[in-house]
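Starting from the known structure of chain U, arrange chain Z on it as the hints suggest.
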Amino acid sequence: GNSVTQMEGPVTLSEEAFLTINCTYTATGYPSLFWYVQYPGEGLQLLLKATKADDKGSNKGFEATYRKETTSFHLEKGSVQVSDSAVYFCALRETNAGKSTFGDGTTLTVKP
Amino acid sequence: ETGVTQTPRHLVMGMTNKKSLKCEQHLGHNAMYWYKQSAKKPLELMFVYSLEERVENNSVPSRFSPECPNSSHLFLHLHTLQPEDSALYLCASSQGDIQGYEQYFGPGTRLTVT
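In the order they appear, the protein sequences are chains U and Z. All residue numbers for the first sequence refer to the working numbering, where the first residue is 7 and numbers rise by one. All residue numbers for the second sequence refer to the working numbering, where the first residue is 33 and numbers rise by one.
Each hint should be verified, as a subset may be incorrect.
Stated by the list, open to error - List of simulated lysine-lysine pairs, BS3-like, C-alpha gap at most 25 Å: (1) U/Lys105 with U/Lys74; (2) Z/Lys54 with U/Lys66; (3) Z/Lys73 with Z/Lys54; (4) U/Lys105 with Z/Lys68; (5) U/Lys62 with U/Lys74; (6) Z/Lys68 with U/Lys83; (7) U/Lys105 with Z/Lys50; (8) U/Lys58 with U/Lys105; (9) U/Lys117 with Z/Lys68; (10) U/Lys105 with U/Lys62.
In short, the hints are calculated from the structure, not lab data.
Just chain U, same shape as in the assembly (with noise of 0.2 Å):
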């Protein structure tokens, strides 16, 4: 079946800092790619997304790239900030039944 494999957390950042949260997935088919984030209290919110191969999302400063070679869609932001704290999910939708797969969840805190 699918599976999408993120780094653990929790991360721990300085403000200004370079974020980088790996995600590899196993897929039959050829998915959607998303990035979800959580704040406290919150559900969850689509950051971006990619639905194929090579396709770049971007959102407020965070980009991540469809690379189907590597099976990955790592998440990067060049300059975090304490407002970034949050829990992140890496998540692919299926060609067929759109069955979402999410991973765990990496916890990220932004301190100033």
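What follows is chain Z alone, placed relative to chain U:
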């Protein structure tokens, strides 16, 4: 404003109670989902409804009973729950149940079973 609302936000219930969680989406979507989020565990998909028909039921115990009366509303009826059912229950919707569409999540209902 996420477009997906859930009520109540917090619920404490005894093991013999019956309660219902409500989800409403204002986005014109035709697929809706229930997820369970427990501490230290991955997000668990419970049920999927597409065009008001249940298309996914992930071996969820019968003490959880979903209902989708129309494409905008989704309920989760709870009865004789166990303490291990305490979790955050998230509702989500999407434009379709196919791969390109992202999901929009509500804020969740924090359920505590005593």
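These are the hints, each one checked on the structure:
no., hint, in the structure
1, U/Lys105 with U/Lys74, "holds, 20 Å"
2, Z/Lys54 with U/Lys66, "violated, 31 Å"
3, Z/Lys73 with Z/Lys54, "holds, 23 Å"
4, U/Lys105 with Z/Lys68, "holds, 15 Å"
5, U/Lys62 with U/Lys74, "holds, 12 Å"
6, Z/Lys68 with U/Lys83, "violated, 29 Å"
7, U/Lys105 with Z/Lys50, "violated, 29 Å"
8, U/Lys58 with U/Lys105, "holds, 17 Å"
9, U/Lys117 with Z/Lys68, "violated, 30 Å"
10, U/Lys105 with U/Lys62, "holds, 22 Å"
Of the hints listed earlier, those the structure fails to meet are numbers 2, 6, 7 and 9, in rising order.
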